[in-house]
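**Student:** Generate coordinates for the entire structure from the input sequences, incorporating the hints supplied.
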Amino acid sequence: MNEQLEKIKEDAFKLIRESDTAEKLNDIRVAYLGKKGELTAILKSMKDVAAEDRPKFGQMVNDARSQIETMLEESKSRFEAAAMEEKLKHEVIDVTLPGKAPEMGHRHPNTVALEEVERIFTGLGYEVVSGPEIEKDYYNFEALNIPADHPAKDEQDTFYINGDILLRTQTSSVQIHEMEKGRLPIRMIAPGRVFRSDEVDATHSPCFHQIEGLVVDEKVTFADLKGTLDSFAKQLFGEETKVKFRPHHFPFTEPSAEMDVSCFKCGGKGCRFCKGSGWIEILGCGMVHPHVLELRGIDPEKYVGFAFGVGLERIALLKYEIDDMRLMYENDVRFLSQF
Amino acid sequence: MDTSLNWIKAYVPGLECTDEEYFDRMTLTGTKVEGFKRPDKNLEKIVVGKILSIEKHPDADKLIVCRVSVGNEELQIVTGAPNVNVGDLVPVVLDGGKVAGGHDGGPLPEDGIKIKSGKLRGVDSFGMMCAIEELGSDRNLYPEAPENGVYIFPEGSAEPGDDAIELLGLHDTIFEYEITSNRVDCYSVLGIAREAAATFDRPFVPPVVKETGNDEDVNSFVKVEIKDTDLCSRYCARAVKNIRLGESPAWLRHRLASAGVRPINNIVDITNYVMLEYGQPMHAYDMDKLAGSRIVVKRAEDGESFVTLDGAERKLDKDVLMICDGEKEVGIAGIMGGENSMITDDVKNMLFEAATFNGANIRKSAKRLGLRTDASGIFEKGLDPANAEAAINRACALIEELDAGDVVGGMVDAGLPIKEETKIEFKPDKYNKLLGTDISAEDMLAIFKKLEIAYDDKSGMLVIPSFRQDLKGQADIAEEVARFFGYDKIPLTLPSGEGMEGRLSYPMRIEAIARDSAERCGFSQAYEYSFESPKVFDKLLIPEGDALRAAITISNPLGEDFSIMRTTSVNGMLTALSLNFNRRNKDVKLYELGNIYIPHALPLTELPDERMQFTLGFYGKGDFYSMKGAVEVFLKASGMKDEPEYDASVDAPFLHPGRKASVIYKGEKIGFLGEVHPLVAKNYGIKDRVYLAVLDMPVIVPLTSFDMKYEGIAKFPAVTRDISMVAKKETTAGSIEKMIRQRGGKILESVKLFDIYEGDQVKEGYKSIAYSLSFRDMEKTLSDEEVGTAMKKILNGLQSMDIELRS
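One line per chain: the protein sequences are E and P, in this order.
Numbering follows the working numbering, with no gaps: position 78 of the first sequence is 78.
Numbering follows the working numbering, with no gaps: position 739 of the second sequence is 739.
Do not take every clue at face value.
Heads up, simulated BS3-like pairs for lysine-lysine below, C-alpha to C-alpha not over 27 angstroms straight-line [what the hints assert, rightly or not]:
| id | chain 1 | residue 1 | chain 2 | residue 2 |
| --- | --- | --- | --- | --- |
| 1 | E | Lys219 | P | Lys430 |
| 2 | E | Lys302 | P | Lys430 |
| 3 | E | Lys100 | P | Lys628 |
| 4 | P | Lys628 | E | Lys136 |
| 5 | E | Lys275 | P | Lys98 |
| 6 | E | Lys275 | P | Lys41 |
Stretches of chain P that chain E covers, calculated by requiring three or more beta carbons in the stretch to come under 8 angstroms of a beta carbon on chain E [claimed, not checked]:
| id | stretch |
| --- | --- |
| 7 | 476-484 |
| 8 | 493-501 |
These are computed hints drawn from the structure, not numbers from a lab.
Ideal Cβ placement from N, Cα and C applies to all residues, glycine included.
**Tutor:** Structure follows, in structure tokens:
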């Protein structure tokens with residue numbers, strides 16, 4: 001019996017080794033392990049075995065079964081792996097064919113720059129607010145310490161609707177609206193559209209955008225203004241950016257300054273971009289003129305403020321190296337799709 | 001304003017610096033330098049040569065061969081200059097030297113022109129004689145130069161070998177400044193010199209003006225009466241007799257040339273020179289042409305006219321200030337003198353005027369008259385009355401120095417009493433607190449001293465000099481401290497107050513969602529002008545009398561095309577699409593977020609309603625439903641979860657009458673969309689179907705919400721049923737869906753249109769529509785019965801709409 005069992009085993013192993021398809025393996029399974037298979041048959045002949053040998057023989061048959069099963073499984077896995085490999089071989093694609101992206105639109109460079117500025121200032125705890133574009137003369141000028149006969153009124157080439165109402169020439173008017181709300185302290189930026197009667201050319205547009213900043217609190221210093229704008233410039237143009245403050249004049253701030261940043265193209269060595277100076281003028285700023293606070297009923301002995309105004313297009317044109325202002329208002333998709 | 005550094009240095013002894021240093025340091029103390037140029041940049045090895053002999057060129061009629069002494073040697077130079085004679089002193093550029101440009105003027109090459117020895121038609125030439133143009137200047141600034149030929153120095157004015165460039169005053173640097181409107185005093189050489197002295201810590205030594213005039217008193221020649229002191233606060237006059245017109249000396253001519261002013265004759269030159277140096281425009285009248293020995297300063301009458309010295313007739317009005325004699329008008333105050341009293345070559349006696357006029361009035365008058373002159377440009381800034389006297393005395397001193405006439409003694413001085421000097425309390429702690437610095441009081445006082453701000457330690461007051469009209473309060477003083485302490489030395493800190501919440505306003509958040517949604521749908525952002533032409537309404541087929549035509553008009557627009565504030569964003573969008581179409585850009589999708597301006601009443605008495613519009617537009621790939629989809633993407637993203645409704649009866653003449661709808665959300669009209677009317681598309685030159693959507697953000701913002709709640713994932717299976725029907729063509733899908741939803745009840749989870757067909761298989765005037773309905777109960781598995789009941793209700797409802805069901 002033992003020999004017979006050994007032979008069955010040997011035959012099965014041989015057949016398994018020789019088989020080359022999963023089907024053949026299945027046939028072997030049926031022939032040896034099936035209900036009518038050889039191992040089943042030999043088990044049936046157990047009655048011919050001596051009673052005391054039966055457990056041992058049973059064990060031997062079971063071992064043989066499991067050995068055959070294991071070998072069958074191993075072969076099957078091998079065949080499957082080979083089959084999969086074969087299949088995958090046929091599924092090779094050209095990975096350099098173009099990708100299929102959803103057709104996304106593009107943000108205008110002005111907005112890209114604005115969002116950057118908003119991110120910086122909201123991070124510093126500033127609220128982003130807005131004010132009217134068609135504005136009272138008073139808010140645009142007089143409340144900002146620019147009385148009726150002030151030359152600055154002429155310098156700014158204002159569009160008027162009538163004697164009292166105009167298109168705002170500067171977002172500084174929002175400073176006044178914000179102070180009028182009577183909530184102190186104030187930390188705000190006000191982005192928005194402004195208008196000046198400049199003919200359209202490569203560097204001018206009759207409507208453009210500014211971002212106004214205003215802080216009013218009990219202990220605010222010129223040093224704070226410098227620190228704030230230094231942080232702004234570094235975040236916007238890169239950590240290595242240097243700033244330079246030059247004295248300047250604005251009717252609604254005193255002391256006033258203009259801020260230059262080191263040229264981000266040449267790093268300050270001087271190039272065509274910065275006209276050789278190494279510096280690029282970026283914004284105007286200063287300590288809120290006490291008279292402006294006073295007009296809004298804010299005690300200038302107690303409260304101090306600083307303000308700044310930056311041209312959005314100026315930042316966008318510089319940062320993205322756009323060489324013509326007209327591109328910003330033409331809306332050619334070949335331009336827009338670069339942002 | 002352009003000023004020569006040599007001129008500045010004349011009043012700031014010991015000022016030594018490179019041009020770059022000057023540029024940087026002046027800018028950092030507040031006198032902003034825009035740029036500088038060196039007139040001698042490309043002038044190298046140019047000396048005075050004396051022509052010793054002239055011979056004809058053997059082979060060229062138009063050339064001559066000269067022997068020229070250049071001091072240490074004699075050179076042979078061939079020239080084509082027609083104006084040289086033996087003995088002439090001329091500028092000679094030596095072998096290896098450089099000149100600035102060609103003899104015919106024209107733009108100067110960046111690196112100049114190198115000059116080398118060579119042969120001219122076979123004859124050796126060891127250098128070149130120079131015309132003024134070759135030295136980078138012109139006859140306007142050097143009128144003594146010949147029209148054609150080389151520059152010739154006056155006999156005896158130089159020795160051969162002298163530096164010719166020095167003699168022409170071209171070893172200099174011309175700085176261009178941007179002077180801010182508050183620093184009237186810096187529109188002058190002396191003002192800038194004072195700043196330069198303070199900046200470089202050198203003494204400021206202004207010209208010494210000696211007392212001038214003979215024993216006579218001008219007050220006995222002329223009386224001055226100011227009728228309108230609101231427009232003229234001071235009028236100083238001095239007289240000069242026996243005018244001796246002539247050429248000014250070289251130093252004066254060269255200083256004028258450095259400022260770009262053409263030298264004319266000694267009298268005109270002195271007037272111009274003093275205007276540049278003192279920042280005080282002056283005028284000279286021919287005294288013999290003034291009637292009645294009187295000067296009267298008064299407003300003109302409306303409708304009068306006056307001939308200015310340029311020969312033009314000017315229309316006057318009652319706000320123009322005039323200078324009159326005893327009988328007539330002789331000049332427009334501060335702007336231009338009259339032809340009737342101007343200095344001519346036969347002038348014998350002259351009256352000098354130095355006055356202080358109201359800046360705003362001069363500015364406005366010059367604007368109305370269309371006559372902005374150098375003088376009015378300075379007067380309009382509002383001058384210091386003390387300067388008038390200083391300037392007129394300086395002018396008279398120059399008359400004597402140049403021997404241009406006999407100055408009469410005394411000065412007529414009319415006007416308001418000179419204002420008392422401004423005094424401001426010295427508060428060093430306040431300045432430090434404002435600046436965030438720790439500057440000692442001594443250091444501050446040292447700065448003030450340099451600026452001629454006196455300190456009275458008894459009263460603790462700072463005494464402001466009259467030329468600093470801009471210093472009025474403590475903040476102004478703090479700025480003076482800051483700019484000479486150095487803006488760069490002030491530390492960098494951040495505000496110390498309590499931290500505040502940084503955030504966008506709520507409408508800005510919704511705008512950000514609009515941008516994201518539009519871009520996700522393939523639309524790119526456009527920026528459009530706020531003003532447009534009133535003609536756009538015709539282009540958009542908007543009828544006369546329509547509310548959209550009630551637009552705000554700009555009183556001084558750039559032109560008709562920019563003359564009204566837009567009441568609709570449609571024109572802007574179509575204009576942008578049109579530009580892209582004309583440039584053959586395919587499948588263009590744009591969006592815009594911008595205001596329209598709706599007046600409450602016209603003419604405007606209060607501020608209008610500024611309404612943010614979210615506008616989408618495209619042509620090319622897509623149809624009405626792609627636009628509708630894009631709108632819904634935004635509404636969903638803004639938390640507007642209800643289904644919007646669409647009403648085709650919207651009033652929008654610029655849209656296709658059969659392809660338009662208003663968008664209604666929770667009963668409110670939030671915008672509209674549709675296909676652009678083909679005639680309108682044609683008006684914009686777009687030969688394709690164009691689609692538009694305009695959403696009114698002020699209505700939308702309050703309807704948005706960011707409340708979200710998890711509703712669980714369905715545990716029980718859904719049952720789907722498809723229904724197919726034939727409906728009349730006019731029956732809208734919206735009405736069918738509405739019926740299905742109404743009848744389906746709570747268990748109806750979704751309704752999806754999956755087929756719509758019109759054509760051969762369906763009878764004329766009908767369409768076939770098919771929906772897939774999905775039913776689900778969150779609590780249990782639905783029974784066939786429950787679904788059957790709901791379906792029955794739905795089918796009954798549809799039948800009541802005259803819809804034929806197909807199995």
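**Student:** So, for every hint listed, does it hold in this structure?
**Tutor:** Hints, one by one, checked against the model:
1. At roughly 12 angstroms between alpha-carbon atoms, E/Lys219 and P/Lys430 fall within 27 angstroms of each other, so this suggested pair holds.
2. Pair hint E/Lys302 plus P/Lys430 holds up; C-alpha atoms about 11 angstroms apart against a cutoff of 27 angstroms.
3. Between E/Lys100 and P/Lys628, the direct Cα distance comes to roughly 24 angstroms. Compliance with the 27 angstroms bound is thereby established for this hinted pair.
4. A hinted pair counts as satisfied when its Cα atoms are at most 27 angstroms apart, and P/Lys628 with E/Lys136 does not qualify at roughly 39 angstroms.
5. Between the alpha carbons of E/Lys275 and P/Lys98 the distance comes to roughly 26 angstroms, so the proposed pair stays at or under 27 angstroms and holds.
6. A hinted pair counts as satisfied when its Cα atoms are at most 27 angstroms apart, and E/Lys275 with P/Lys41 qualifies at roughly 18 angstroms.
7. Coverage of the stretch 476-484 of chain P by chain E holds. Counting CB-CB distances below 8 angstroms, 5 residues qualify, and the rule asks for three or more.
8. Counting residues of the stretch 493-501 of chain P whose C-beta sits closer than 8 angstroms to any C-beta of chain E gives 9, which meets the bar of three, so the coverage hint holds.
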